[in-house]
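Listed in order, the protein sequences are those of chains B and D.
Per my numbering, the first sequence starts with residue 1, numbered consecutively.
Per my numbering, the second sequence starts with residue 1, numbered consecutively.
Hints listed in this document are in silico derivations from the structure and should not be mistaken for laboratory results.
Among these hints, one or two may not hold up.
Remember, identical chains collapse to one label, so a pair may be satisfied in a single copy or spanning two.
For lysine-lysine, the following DSS-like pairs were computed, each having C-alpha atoms within a straight-line distance of at most 27 Å [claimed, not checked]:
1. Lys-83 to Lys-15
2. Lys-16 to Lys-187
3. Lys-4 to Lys-15
4. Lys-83 to Lys-161
5. Lys-325 to Lys-26
6. Lys-83 to Lys-325
7. Lys-16 to Lys-325
8. Lys-325 to Lys-4
9. Lys-90 to Lys-187
10. Lys-15 to Lys-325
11. Lys-15 to Lys-26
Bear in mind that the values here come from a model prediction, so they are computed numbers and not experimental data.
There are 2 protein chains.
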Amino acid sequence: MLIKGASILQNGELKKGLDIQIIDHKISAVGRELQAPERNDLIIDATGKLAIPGLVNGHTHLAMTLLRGYADDMELMPWLQEKIWPIEAKLTASDIRAGVRLGCLELIRFGITCYNDMYYFMDETARATREMGIRGVLSGVLFDMRPELLAEVEPFLRRWKDDPLIRPAVGPHAVYTCSEETLLRAKELAQRYQAALHIHLSETRDEVDSFVNQSHMTPVEYLDALGLLGPRTAAAHCVWLTPSDIRTLAELQVNVIHCPTSNLKLASGISPVDRLLDAGANVCLGTDGVSSNNNMSIFSEMKMAALVQKGNRGPTILPAAQVWKMATQNSYRAFGLDIGLAPGSLADLALIDLSRPWFSPESNHLSHLVYSMAGGVDTTICNGRVLMENGIVPGEAEILEDAQRSFERLTAS
Amino acid sequence: MLIKGASILQNGELKKGLDIQIIDHKISAVGRELQAPERNDLIIDATGKLAIPGLVNGHTHLAMTLLRGYADDMELMPWLQEKIWPIEAKLTASDIRAGVRLGCLELIRFGITCYNDMYYFMDETARATREMGIRGVLSGVLFDMRPELLAEVEPFLRRWKDDPLIRPAVGPHAVYTCSEETLLRAKELAQRYQAALHIHLSETRDEVDSFVNQSHMTPVEYLDALGLLGPRTAAAHCVWLTPSDIRTLAELQVNVIHCPTSNLKLASGISPVDRLLDAGANVCLGTDGVSSNNNMSIFSEMKMAALVQKGNRGPTILPAAQVWKMATQNSYRAFGLDIGLAPGSLADLALIDLSRPWFSPESNHLSHLVYSMAGGVDTTICNGRVLMENGIVPGEAEILEDAQRSFERLTAS
Numbered sequence: 001m002l003i004k005g006a007s008i009l010q011n012g013e014l015k016k017g018l019d020i021q022i023i024d025h026k027i028s029a030v031g032r033e034l035q036a037p038e039r040n041d042l043i044i045d046a047t048g049k050l051a052i053p054g055l056v057n058g059h060t061h062l063a064m065t066l067l068r069g070y071a072d073d074m075e076l077m078p079w080l081q082e083k084i085w086p087i088e089a090k091l092t093a094s095d096i097r098a099g100v101r102l103g104c105l106e107l108i109r110f111g112i113t114c115y116n117d118m119y120y121f122m123d124e125t126a127r128a129t130r131e132m133g134i135r136g137v138l139s140g141v142l143f144d145m146r147p148e149l150l151a152e153v154e155p156f157l158r159r160w161k162d163d164p165l166i167r168p169a170v171g172p173h174a175v176y177t178c179s180e181e182t183l184l185r186a187k188e189l190a191q192r193y194q195a196a197l198h199i200h201l202s203e204t205r206d207e208v209d210s211f212v213n214q215s216h217m218t219p220v221e222y223l224d225a226l227g228l229l230g231p232r233t234a235a236a237h238c239v240w241l242t243p244s245d246i247r248t249l250a251e252l253q254v255n256v257i258h259c260p261t262s263n264l265k266l267a268s269g270i271s272p273v274d275r276l277l278d279a280g281a282n283v284c285l286g287t288d289g290v291s292s293n294n295n296m297s298i299f300s301e302m303k304m305a306a307l308v309q310k311g312n313r314g315p316t317i318l319p320a321a322q323v324w325k326m327a328t329q330n331s332y333r334a335f336g337l338d339i340g341l342a343p344g345s346l347a348d349l350a351l352i353d354l355s356r357p358w359f360s361p362e363s364n365h366l367s368h369l370v371y372s373m374a375g376g377v378d379t380t381i382c383n384g385r386v387l388m389e390n391g392i393v394p395g396e397a398e399i400l401e402d403a404q405r406s407f408e409r410l411t412a413s
Numbered sequence: 001m002l003i004k005g006a007s008i009l010q011n012g013e014l015k016k017g018l019d020i021q022i023i024d025h026k027i028s029a030v031g032r033e034l035q036a037p038e039r040n041d042l043i044i045d046a047t048g049k050l051a052i053p054g055l056v057n058g059h060t061h062l063a064m065t066l067l068r069g070y071a072d073d074m075e076l077m078p079w080l081q082e083k084i085w086p087i088e089a090k091l092t093a094s095d096i097r098a099g100v101r102l103g104c105l106e107l108i109r110f111g112i113t114c115y116n117d118m119y120y121f122m123d124e125t126a127r128a129t130r131e132m133g134i135r136g137v138l139s140g141v142l143f144d145m146r147p148e149l150l151a152e153v154e155p156f157l158r159r160w161k162d163d164p165l166i167r168p169a170v171g172p173h174a175v176y177t178c179s180e181e182t183l184l185r186a187k188e189l190a191q192r193y194q195a196a197l198h199i200h201l202s203e204t205r206d207e208v209d210s211f212v213n214q215s216h217m218t219p220v221e222y223l224d225a226l227g228l229l230g231p232r233t234a235a236a237h238c239v240w241l242t243p244s245d246i247r248t249l250a251e252l253q254v255n256v257i258h259c260p261t262s263n264l265k266l267a268s269g270i271s272p273v274d275r276l277l278d279a280g281a282n283v284c285l286g287t288d289g290v291s292s293n294n295n296m297s298i299f300s301e302m303k304m305a306a307l308v309q310k311g312n313r314g315p316t317i318l319p320a321a322q323v324w325k326m327a328t329q330n331s332y333r334a335f336g337l338d339i340g341l342a343p344g345s346l347a348d349l350a351l352i353d354l355s356r357p358w359f360s361p362e363s364n365h366l367s368h369l370v371y372s373m374a375g376g377v378d379t380t381i382c383n384g385r386v387l388m389e390n391g392i393v394p395g396e397a398e399i400l401e402d403a404q405r406s407f408e409r410l411t412a413s
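Chain B extracted, bound-state conformation:
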């Protein structure tokens, strides 16, 4: 495949007229006047388009995309007890397929080529994700309330460990829902299979306060003591942290997945992202599930991340380049992804139409990507496969119909 005449940001500067040559699932060359690798190969005209490396959604529950708009503007407990849990009790594999495909559709439209998920029915999630052509770091959620889930983890890790798109992972829900035994078992499995460990960490004040009252340690101290924190750990939220927690997360190279929209919508608090970054922590971005967002856009998450920190700490905090890095390089590091618009990198990229007024004037494209960009991308390629070209995703209508059927069945009284 050859992408002709793209614009690319190199060290913040826009270079125009560059070709990107793709062989199989990797970028083979980036330069001027390149040839298609093979005769009759697909050529994509990228004139007037900005090529960006594929973005990463570092924390979500993708199948919940099915529940978009089903319950908003509620307190956490009534929301869970009256709305989410009753629906989740009814979920079948076919609903998961419907929700994951709808979610992937949205990831594709937002130029996201990898997402990190924690939910139920992970084999179904993996199959739907692979079918949609997206990378998924997937973990089945572990709760002590549902001890049978633990037995599914190892078979899942074995089944998917060599898949080109799916990375099976281990997902203990949180310190307040998993026993020490469950957490240690999760750690052991993650280590044995060199898998990522995905956990919610210090999201709400109440959760942290009651944990500290009970155990006289912060959740971070506790996970550190159990050996669950390290460079393969993705810790979502990290809102309520002590200065010592911040140092620990940075020193142990934990990947902090910041979810600013969700934290605002659920009134969880404001993560000390500036202090985490100052300490050297690897901070990435996630949308969380649609119920607390309500979409999968990492563009809007970048803007939200920058603005919330500025609102909290001052206008110079978290400039555009730093927040862009959170959605790209920091996330690639977190999930071990060799993504980038360079030869040898995975062919994960998106093309954005620069002729929209929000990219005008051509002043600072990094600022435009973070602060002005509206809507989705034009073209998304993952692992060398074109998932959307010029706004067209093959099969989109059927995916939307399928999601609607599942939603209606689940919410029928």
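Chain B is already provided as a structure; the job is to place chain D on it using the hints.
Frame of chain B; chain D shown alone:
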């Protein structure tokens, strides 16, 4: 003109297959199986599209759209002194035309049919706005630093008072930049011409603190004492308010223009919107200029408004329906606009493509508009004129080129 088969939200419920008949600049009928008013009249197929009434951007400085991305992530004073003021000193009428047309392009793409502006070169702004087909409530900014601006107000009010799209208004900048004499003269002119009065009010803590120290009144008390507060006053920001200020703004029916993105980006603070609404104040939404946003989307402003209040006060605050009302009904009341999808209303409306994944499933369209909607609308009609159809705005490329030329000239060293 006839719009065929649209979906419309009526009391929060989605009604499908409705036609909207437009004669001249008004909606003449809404119903099923309507006929085009005249043979060969334009018929727009709105199957699968949601018709919404035109949105309002209640506070901006539209010509500044030219400076998008030129200076971000800076403290207020260096930003003004090193970046904005030197550029503003170079602005000519042709730059204003370039910036206003670029801004209007964006308003059109976001389904906004009326904006409330305060800036320089307002005749040029009015001409460019009229040409683009948008409604503008336009006021030349008044500062004591530039006393010559005051003399331009009355001729401007006279010249534009009978225009179908332009409403000339009076724009004293703020209490800390205008003398009592200027403020009283502004009030007198606004009263004489029954024009709106547009002012920045209690935006930053420093500004309010130093005003209170100096005059022993809050800015709201001071403007009340001078008689500048009333139902024709649009007060932008209103972040730092006392409980008594809140009561005053509500009792005097002042239109509070909430600009949550700008307030975060400049770290101005969080407006007590929930308490303003509880007191009965008419709260609307504005983007402010692009330098502090960086786009003109009222969709993203709605989401930001809801999330910031939730983050600050709890998840049930400012539900979707309330924030939607701020961008529509409250704003129509503020600027005396008879907009609505009903017979007799102005033909100001937009069509949104419901086949995007962020509108799936069909659960709660008001929630989708506020929380999930990404990007712009498909079709925008203002005063019975189609400004964009299916994403095409005639002349867009030339407007973008013109903006680029102005930007390059202004920033050339």
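Numbered hints the structure breaks, given as an ascending list = 2, 4, 9
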